[in-house]
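Read off the chains here:
Protein chains: 4
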Amino acid sequence: MFFDDIKDISYEGPSSKNPLAFKYYNPVEIIDEKPLSQHLRFSIAFWHTLNYNGADPFGSNNMIRPWNDIDDPMTLAFKKIDALFELAEKLNIEYFCFHDRDIAPEGDTLRETNKNLDKVVAHIKDHLKDGKVKVLWVTANLFSNPRYVHGAATSPNPYVFAYAAAQVKKALEIAKEVGASGYVFWGGREGYETLINTDLALELDNLARFLHMAVDYAKKIGFTGQFLVEPKPKEPTKHQYDFDVANALSFLNKYGLSDYFKFNIEANHATLAGHTFQHELRYARINGKLGSIDANEGDLLLGWDVDRFPTNIYDTTLAMYEVIKNGGLYPGGLNFDAKVRRGSFTPEDLFRAFIAGMDTFAVGLKIAHRIVEDGELDEIIEERYKGYKKGIGEKIVNGEIGFEELEEYIIDKPQIVNTSGLQEYMESLLNQYILNFYLENKER
Amino acid sequence: MFFDDIKDISYEGPSSKNPLAFKYYNPVEIIDEKPLSQHLRFSIAFWHTLNYNGADPFGSNNMIRPWNDIDDPMTLAFKKIDALFELAEKLNIEYFCFHDRDIAPEGDTLRETNKNLDKVVAHIKDHLKDGKVKVLWVTANLFSNPRYVHGAATSPNPYVFAYAAAQVKKALEIAKEVGASGYVFWGGREGYETLINTDLALELDNLARFLHMAVDYAKKIGFTGQFLVEPKPKEPTKHQYDFDVANALSFLNKYGLSDYFKFNIEANHATLAGHTFQHELRYARINGKLGSIDANEGDLLLGWDVDRFPTNIYDTTLAMYEVIKNGGLYPGGLNFDAKVRRGSFTPEDLFRAFIAGMDTFAVGLKIAHRIVEDGELDEIIEERYKGYKKGIGEKIVNGEIGFEELEEYIIDKPQIVNTSGLQEYMESLLNQYILNFYLENKER
Amino acid sequence: MFFDDIKDISYEGPSSKNPLAFKYYNPVEIIDEKPLSQHLRFSIAFWHTLNYNGADPFGSNNMIRPWNDIDDPMTLAFKKIDALFELAEKLNIEYFCFHDRDIAPEGDTLRETNKNLDKVVAHIKDHLKDGKVKVLWVTANLFSNPRYVHGAATSPNPYVFAYAAAQVKKALEIAKEVGASGYVFWGGREGYETLINTDLALELDNLARFLHMAVDYAKKIGFTGQFLVEPKPKEPTKHQYDFDVANALSFLNKYGLSDYFKFNIEANHATLAGHTFQHELRYARINGKLGSIDANEGDLLLGWDVDRFPTNIYDTTLAMYEVIKNGGLYPGGLNFDAKVRRGSFTPEDLFRAFIAGMDTFAVGLKIAHRIVEDGELDEIIEERYKGYKKGIGEKIVNGEIGFEELEEYIIDKPQIVNTSGLQEYMESLLNQYILNFYLENKER
Amino acid sequence: MFFDDIKDISYEGPSSKNPLAFKYYNPVEIIDEKPLSQHLRFSIAFWHTLNYNGADPFGSNNMIRPWNDIDDPMTLAFKKIDALFELAEKLNIEYFCFHDRDIAPEGDTLRETNKNLDKVVAHIKDHLKDGKVKVLWVTANLFSNPRYVHGAATSPNPYVFAYAAAQVKKALEIAKEVGASGYVFWGGREGYETLINTDLALELDNLARFLHMAVDYAKKIGFTGQFLVEPKPKEPTKHQYDFDVANALSFLNKYGLSDYFKFNIEANHATLAGHTFQHELRYARINGKLGSIDANEGDLLLGWDVDRFPTNIYDTTLAMYEVIKNGGLYPGGLNFDAKVRRGSFTPEDLFRAFIAGMDTFAVGLKIAHRIVEDGELDEIIEERYKGYKKGIGEKIVNGEIGFEELEEYIIDKPQIVNTSGLQEYMESLLNQYILNFYLENKER
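Residue numbers (the working numbering), protein chains in the order written: chain Z, 1 to 444; chain A, 1 to 444; chain V, 1 to 444; chain U, 1 to 444.
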């Protein structure tokens, strides 16, 4: 036990002043015949939760963690797995995600590294047996090691490509072994620093070759989890190829890969790309590609990936609105790709941060559910576009007319009358949903 | 009457579904022995409310306004004043603000322009008589006319400086005549497009000369309203001299002007400068310079002044927290320097937008008041800094020790223990204040 | 004659101190068997050159133009066409581009508007006869008129869709009639202000329907010019659907439209999307989609479309590098979608700005040509990726191996050795190309 | 010797193809009676040059350095000093800068740390004896150690304040001992993460107390080097108190500190604050506060501190223009606060990067010198503002008139005529200075 001082986190309701209790997230509360836990499918990100040590580009490790004194890498690896499951169970979180390199140290050769992995994976499987906590998705870290300095699948060096391939091969095998629901590709170094030294066409072709190999190998071993691409526009590289959902979709389509992939969308990556979180979710959704979510929050006044725990009710409400419209995230989930602030360095802060994030997403779900149930906002939208359900609008939608008929229809018409977009009003309605959260049902 | 279809906007409470009613702003509700109206001191910005026609850099006028058909400029000027008072009274807003050029058309010479102004000001004074609506502040438009292309007080052309001086002279006289509580300087063109053609030192000196002349003239005529500088970092100019509160304060101090000025802080200007709205408010406040607020909201993914009506509860709560800590804004106020979205072009949208903004600020005030009253957040801060109230900390604050004593004190000490900054936890507390808004008092 | 004081602008060489002469652009200078004029294919943007009046969101018209006194809209329209041809001939520019609404005033109905257009188009055709100046591309203005407040093809109002369709129909007819090389779609209002009132899926479907109608109609009338999409991420709308080249390409592919379109890439739009100008050019190029260029320059510290005349040698060099690698731009061109600064309000400034832009692009072409000819930079890149031309790399590229073979190949290998990316060195080489511009050839 | 393969870098002229030679920086070349070396006063930043290991938030150490195998911290410290002097001498750089923690490892207590420092400082002094390389400035690292997580002088914890005080005390003593020309305060953690947990007023007061103690102690020990504040708006903290020059100046003035400080201005910090590099230099210069420069370059499309080696000729030209107008930087200098790209990991890259930066600044100096000597640009500016040298303009500048006289002067005047700002033309002149760099003098 690593967090002896901390008991299981339980739901105490909105008036609770207990920092170590949920105020809004009641996992067994039922909405639409499903408990909140099934709607939200929360997941712990192994890296930020177990490995983040507080270092930033101007400061060194400062996190107080019960495993800080363990020196032997393999012992440490095992202990962190134990800590993860302890955390997950105390927080009532059913899933977790990890990179291959998060869970086991590298050896001198890939063969040795894989042996280390095998040992830790066996340990994970022991923990998985009781079925309380499961693996949401697995991924390979193709960015931290110096060999990936110029990219992995897009490295100018084919040995690096080979290494990356072998690493993903192993990660897919592990994903299958631990029963992961998905496998994520985040190409942190798949991009460029400057175009003046870059063969962009070859790099993109190679990236596609790499993904095809992954698809083929997954088929071969019978890994049926969902493949997910996680877009990010930059950082660490100056330009990353999976800039945003649309960029990545364009790439996948070009290379005949789109059938095999959905997207894992991260809030802070969306805003770094100049989009709202909701935009990326919506865009993926209407293309049938919303697979999973990396739940965190950026700071729009800061130009780097902040990965804060999400505490903004607007963002979680609009995100959950998209999730509901998507019919849920299954088999994906809400993975907290979030780290505590460097100033929140105690173990207790870790729990407080998860509680904050889970409560905020639970609230977001409940408000979004009310919005969808009431239908008030959706009706305004439906009313707005009703012109396309009849007359000339219907003909447009049905492809029955072209430029000539439309010209004839409009050429002598007087001024067109539009209706208001009602933006401020709809924003005030959204506020009502938030503020009236605890108003008696009859009054709402 | 311009808005015949719209009745007086009244408070109907949070469950109301009437788009033309307040849900949260009850002007007569008492907090701390003062009605909400006195806390909030709402004001209408004449320009965005009466003159904004919907044009943007890529689109032409589209606002449907009852005065659109009036051609004669002076008739139009009078009618808009009438419309303003109708709006203010229907919305229960007690203040308004205006630029000289908002209210009356220019003539061929400044003398003629001033005559036009005199007529409209007389009309305003008629309206002011019943005391229902008052002037919060006055300002001069020193940016729209082509003569100000290279600046006003900072123009390379002394004739332009002279013209601007004469314009502010008249505006100060008007401010006195209408009993304005303040006078604002927003230097939209006081800046530069490129340094390669700019004598920065002379321009800043001239700006200071100009402000000194204004101070002198106000004294001479006995205008005792508060002088306010409104910072903005850019737009329309590439760089504006009053970049943010600190930049402007540095300028005012250098030229011996700081005693005469406070700041009028606009939310969207703060974020364009890379600050939060709260930062600018706080920074002004702790320097004794928080004078008034231009209430609006930007979009942090957009790089220009959006001037939306404020509907973000977080922003209004944190802003009102600063206002409360400031002991209120009197004689300043909350001026809605906000315009309806171009897509919200009906007269009704105007009312809906004000209602959205007023409700959101009323909510912000109430939540902020609870936060201050409960003292929970403030206590965490006090606890955090308590080290400076005793021992070595107290000596530091009292200036009793220097580097040598501090070295001696610390040189053999083992590692220093810090406490958590509790950011995520405090963010979750803030969420509790918002979400529990309608939880029964005993439960909160 | 509108610009009587200004003679034909001629090439006087780099030492010239004549503000109204080219220093670097000699149209008849031969590079690679083609004169500079054919490489660069400069074009005047009608809107920014003839119609821009200096207004910005905070200031009114200030441009001094010889046609300012003309009141009658049709007379003005004719005169501006004359002025355009005078400008083009004096500047030795062979192409121009225009929106339908740039050249003729709107009437009460579309039929009347089209009649106005017919008259002005006839006048343009008279000017075209001598073959000195030609039309690069035509487009329809689907954003300025209030009817387009919520979009054109993506408007919630089918009447607006119909109007836009009729407008593009006419614009295509005009494009054919004036022999335009291309037709551009810039969807300034095809986007959204907020997702909470938007049916994103329907809007995108409708946009595709619209473009299919355009393709069909162009075929029908035999317009064979190149269709071009011009991406922009935002402004005026909060989010525009053609965010960047990749976003637009994804859209075109989804709807089976990509065979019919290339891209018209604008420098300032690229940077607003978070990309370099070169990135967008390169990305389009390697997808076979680089069709034409809107030559201008943004200010990366400003968040709006600045549309400055391009004067940065780095940008024009790297742009022309892409153009050379593209085998030129034909039948596209370099259209100066650029406006003089508001402070550059005299007619002479207009000439000075074009000279600055043309000189800078001519320099860019010459330097880029030397870079390509010398092959020094390209060789470094080739060397960098040589691993993919042999051994395991070649097998990867040829699709001969998969994850299993790659794992076997690498699993026992010791550490991989990478080579430097040489970024700083390559940047210093680029500087040598710029600085040694006039070093004797033998020394370079 | 660490860089045995690399000979002294010598000047070979612009046509040289030797990557390890200067093409433009000839240290003994004379401009205005001073050699380039004295104009430029180049300095090596110890941290980025000797300590930067290539790690970034997503990747681990990858720099190949000859000292990578040395394990003993004190041996390593000594060897790095040797390497620094070897580098400086091979590159012909006369200065270097360092943080206290760059040069020696920390011990268990501050006393032990200081002992380590004493040993390394003695070693530095041995190297300094021959006078070839000198110390430009010294600073204390008050941000890397976990104790500074919440700030140093602005920490909520007075023990941390004491520790920081003791550290600066020692650093000042070292600065005196090594004959440093300056001492820099960069407050990387002097700021806040969120205002909701921050006592802004107390933190700023404490920062002032700290600086006063530093001033007092420097006086006491007779350290006469220049105190410099280095502004930065954010990173690592969300908001840093020395946001930009004006913010910092406002602070220094408020607390009576401005007499003791000038500014050390960094290019990338300027742009992160929303300013051009030239703006910060100019603003400091006209306030008599331009003390020293941290020479590097950012990427305006990236939101973090990139610290690239400067290779942009425009930036170095405009920077050196300000330096010349400042009468040079003495006793400050041009410190390369720049790191090689992570992909440039060989020792040779280090030399190539310095060569690129030094060449680019040498070119900037030469072009700026020509610009100032020719006076062409300055004359345009003088002409632009000439109105303030006579008539009404002169009276304004001399403070002889006020609003009333100015109104009288202008009230009946017809329209004011302005002159063009000539921005595009001046930009094209600047291009001529760059492109004609090697045009024969008589032709230029």
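Worth double-checking, as some hints may not be accurate.
With a straight-line cut-off of 27 Å between C-alpha atoms, the simulated DSS-like cross-links for lysine-lysine are [as the list claims (entries may be wrong)]:
#1 V/Lys125 <-> V/Lys219
#2 Z/Lys238 <-> A/Lys289
#3 U/Lys17 <-> U/Lys134
#4 V/Lys220 <-> V/Lys238
#5 Z/Lys254 <-> V/Lys125
#6 U/Lys125 <-> A/Lys289
#7 V/Lys386 <-> Z/Lys238
If you're looking for bench data, these hints aren't it; they were derived computationally from the structure. Note that this is a predicted model, so its numbers are computed, not measured.
Outcome of the hint check:
no. : hint                  : verdict
1   : V/Lys125 <-> V/Lys219 : 23 Å, holds
2   : Z/Lys238 <-> A/Lys289 : 41 Å, violated
3   : U/Lys17 <-> U/Lys134  : 31 Å, violated
4   : V/Lys220 <-> V/Lys238 : 35 Å, violated
5   : Z/Lys254 <-> V/Lys125 : 42 Å, violated
6   : U/Lys125 <-> A/Lys289 : 50 Å, violated
7   : V/Lys386 <-> Z/Lys238 : 23 Å, holds
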